[in-house]
Amino acid sequence: MPTDGRGGRSPAGQRARLVARRVVRYLLLVAMAGVVLFPIYVTLVDALLPSQKIGSRPPTLFPLHPLWGSFATAFSEAHLGIYLRNSAIVTLATVAAQLITSVLAGYAFAFVRFPLRGLAFALCLATLMVPLEATIIPNYRTVQALGWYNSFPALIVPFVGSGIGVFLFRQAFRGVPPELRDAAKLDGYGHMSFLTRVVLPLNRPVVAAFGIYAFLTSWNQYLWPLIVTQTNSVRTVQIGLRQLSVTQFNRLDVVFAGTILAALPIFVLLFAFQKQLVRGLTAGAVKG
Amino acid sequence: MREAGAGYLFVLPALVAFGVFVFYPLVKTAYLGFFTSPPAPNLPAHYVGVSQYSSVLRSSEFRDDLWRSVQFVLYTVPAGIVLGIALAVLANQRLAGIRIFRTVYSSTVATSTAVASVVFLTLLNPQIGLLNYWLGRQGGAGLLQSSSLALPAVSVVTIWQNIGFTFILMSAALQAVPDDLLEAARVDGASSWFRFRHVTIPLLSPMIFFAVIVGTIAGFQAFGQIDILTQGGPNNHTLVLIYDLYQQAFQYDNFGSAAVLSVSLFVILLVLTFAQFWYFQRRVFYAN
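Keeping their order, the protein sequence lines are chains D and B. When the letters of the first sequence are read in order and numbered with our numbering, they come out as residues 5 to 292. When the letters of the second sequence are read in order and numbered with our numbering, they come out as residues 4 to 291.
Everything labelled a hint here was simulated from the structure, so no lab data went into it. The C-beta atom is built at its ideal place from N, Cα and C for all residues, glycine as well. Just to be clear, a hint being listed does not mean it is correct.
[As the list claims (entries may be wrong)] Simulated restraints on C-beta separations:
1. B:G236 <-> D:N236: 24 to 32 Å
2. D:L120 <-> B:S62: 40 to 48 Å
3. D:Y30 <-> B:R200: 46 to 54 Å
4. B:L77 <-> D:E81: 39 to 47 Å
5. B:D67 <-> D:S237: 37 to 45 Å
[To be verified] To give a feel for the contact side, a few chain B residues facing chain D, derived at Cβ under 8 Å:
6. A9
7. F13
8. P28
9. T32
10. L35
11. L98
12. Y108
13. S110
14. T114
15. T116
16. D230
[What the hints assert, rightly or not] To be clear about the criterion: a stretch of chain D counts as covered by chain B if any three or more of its residues have a C-beta under 8 Å from a C-beta of chain B, and this derived list gives those stretches:
17. 51–61
18. 84–91
19. 223–237
In isolation and in its complexed conformation, chain D is listed as follows (with noise of 0.2 Å):
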């Protein structure tokens, strides 16, 4: 065998070199380990030297008295925790309008008839080609006219609908045996009790892996909130970090700590959910 063809064949030498193979593996791992969280450490010492410190070569790469005062300044008076506060807002109403107008129309798509049904999954569906850049100045004027620049309503109401939604709900209820719905109506349940009492809670991976795809979606928003919010009181944490990096240059430290708040959520949300957020992730690619 080619691959055995060097090295001793004794089992002491056989041992030695299955050692030698493990440390050079775990070697590897340990340096790709060090190149992917290198940025993200490297942001979080900075953010615990005080300020002046920060640029100092030789670097300083590990903190030896911690300052955690960066982040309650970056809280407070950075404002990240108004950004957060308004991200969350603007986040978990978008996922749950974009759940329920999905779970609706992808029920209906899979358990009623109706004319023109066809059409209408068809538009569903051809809405998955139209990006944002396609449509993003008509509803920036659309916004406008409405009087809701600079504001929440300008965050959700452009995406309370949710192509991909409909496409994966009216998949996965149709994985759903008509024989259910048959007995369901002997037992006179409607249509709205048959989808909650019966079909959602068949579901709930779905759904789980659905609001996880919506809620980073969401979440990580930057051209659109760029563009219509101009205040605090309304800019999501992708455009105050923005903001943080453009005004508050004297105090780095500072500039760290709030990279680190803005990025905490979704660590903490990875974390909690990895199963799910995987299945999240790569649904469009195992989904035909």
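With chain D held as given, fit chain B onto it using these hints.
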């Protein structure tokens, strides 16, 4: 009929949202391309027909925008996928503690574009940036201020931010590779590189294709990193199509030519999306 009524009622919220914020603005964007923007606000726009389309699309500015967007895709997509596969292979071993490494490698999905960009904005800062220091450029011109290196630097930030997502995709595909297939190749005397090249890679090819399309679409839509790191500079060297669109529309009030750019971006993304749909229709798995 009551049944049909319920169906319409259920799909109505989604369809109304799509009508107002997707279909109407899509048509309106194409329509706005027929008008040049007035020299001052509140003056009527001037109808010029298709001439604005042809003049914008034939301009050297548009060609340069497009080329920079293509370059950005070429810098980010192949490198990102190679890195994602490397990490997925590395983390696909049966070793103690491997779960920690898997979590670390997927961790950058928790960073938004704004977080990643602000982190690297400081790492690349000419005075205090660690990366600048390690590259021996301390005090000299920053990478982001260099006409030849700004776009590659923005690309590196993007690759780093996407590592987690690509890793998750490639890991999911890798775990679906049947062990006995690799075992059979091993028994047949195939070297580990041969097994990787002729068994693993072909089995990963569907996911690689998916990642290429998704990465290319995301590459054309990449906005936040440009906005935070370079604002299209220095000297337009990072002025990609979408950033030009943003500046024309929301900084220069040039809605007419911005609409043309919007339509062109829409067509590009539409072709890419169709490529993706076509692929999932055919599902040519395990080719090669």
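* Asked: Can you give the numbers of the hints that this structure goes against, from lowest to highest?
  -> 3, 18
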